Amino acid sequence: MIRCAKMNGNGNDFLVIDNGRKRIDDETLSRMARLLCRRRESVGADGLLVFEPSTTASFRMRVFNSDGSEGAMCGNGARCMARYACEQNLAPPKMTFETDGGAVTALVEGRRVSLTLASVPLEDIVIDEPLVVGDEALRYSFLTVGVPHGVVFLNRPLSEGEMTFLGSTMRHDRALFPEGANINFVTADDEGLFVATYERGVEALTLSCGTGSTASAIVACLTGRSGPEATVRNPGGVQEISLLFEGRSSVVPSLAGLTTLVGWVEASDEAFL
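Each number in this note's numbering comes from the position in the sequence shown (counting from 1) with 1416 added on.
It should be emphasised that the hints constitute simulated quantities derived from the structure, not laboratory data.
Be aware that a few hints might be false.
[Said to hold, decoys possible] 30 angstroms max Cα-Cα, derived DSS-like pairs, lysine-lysine:
| no. | residue 1 | residue 2 |
| --- | --- | --- |
| 1 | 1422 | 1510 |
| 2 | 1510 | 1438 |
| 3 | 1438 | 1422 |
[What the hints assert, rightly or not] Here are the computed distance ranges between Cβ atoms for each label pair:
| no. | residue 1 | residue 2 | range |
| --- | --- | --- | --- |
| 4 | 1437 | 1545 | 23 to 31 angstroms |
| 5 | 1620 | 1542 | 22 to 30 angstroms |
| 6 | 1546 | 1584 | 15 to 23 angstroms |
Computed from a predicted structure; not experimentally measured.
Using N, Cα and C, we set each Cβ at its ideal position, and we do this for glycine too.
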């Protein structure tokens, strides 16, 4: 039996496990993510979050995508992990934890969790470059917010099918993104930004992506589409993003939103079949 929490941040859902004693090896964690995250056949989730010990912070968070690959960072996942650690008395309400995408500071206030992410370098950012995908003429931006992100501001509404096709095609274009990338489709309006994200490793549109929303807010601010404070709507919910620019070389993003603890799951051996 494997006991895990089922949580989500704006509909971006995860299984969360405690590996504080390092009893589960990396190969098994990857297999667990791949098998437990299958929808309909198993528990189902966008990814697996793993709590592990740290010598420099409250703990270390690891992120495994539903295909079994390991990611460096996940914004919504980090909010869920912070709440999990706090409620399981593994960390105080205000904490700092490690990720492969940099240190994260979190404040847990009930369901609401606020994060300050690692500084994002701007020297190598790509802004509004022309790109043709199929019959679609686009402009894309590229930056890394924990993980690589492509950002596309839309000229017209796109269907889920169109975004899935464009997201999958762009995500696998090694000339554009040698390591692959999450692809964010963005609309700016009077209410802020609306962002839909095709996620690498999930290989589908998800209801929300915290780092994708952050990447989109950074590009929007740099191109004059919004200011340093942005309300970002996703299909699964809303998050507030603040940007603190460190001159022209980098920016420190913060994001806040709600988390949901759906419940606890004890996965039987049959969940791995």
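Right, here's what the structure says about each hint:
1. 1422 to 1510: Holds - the C-alpha atoms of residue 1510 and residue 1422 are around 22 angstroms apart, at most 30 angstroms.
2. 1510 to 1438: holds (24 angstroms)
3. 1438 to 1422: The hint holds at about 21 angstroms.
4. 1437 to 1545: 23 to 31 angstroms: violated (47 angstroms)
5. 1620 to 1542: 22 to 30 angstroms: holds (24 angstroms)
6. 1546 to 1584: 15 to 23 angstroms: holds (20 angstroms)
Violation of the numbered hints given earlier is confined to hint 4; every other hint is satisfied by the structure.
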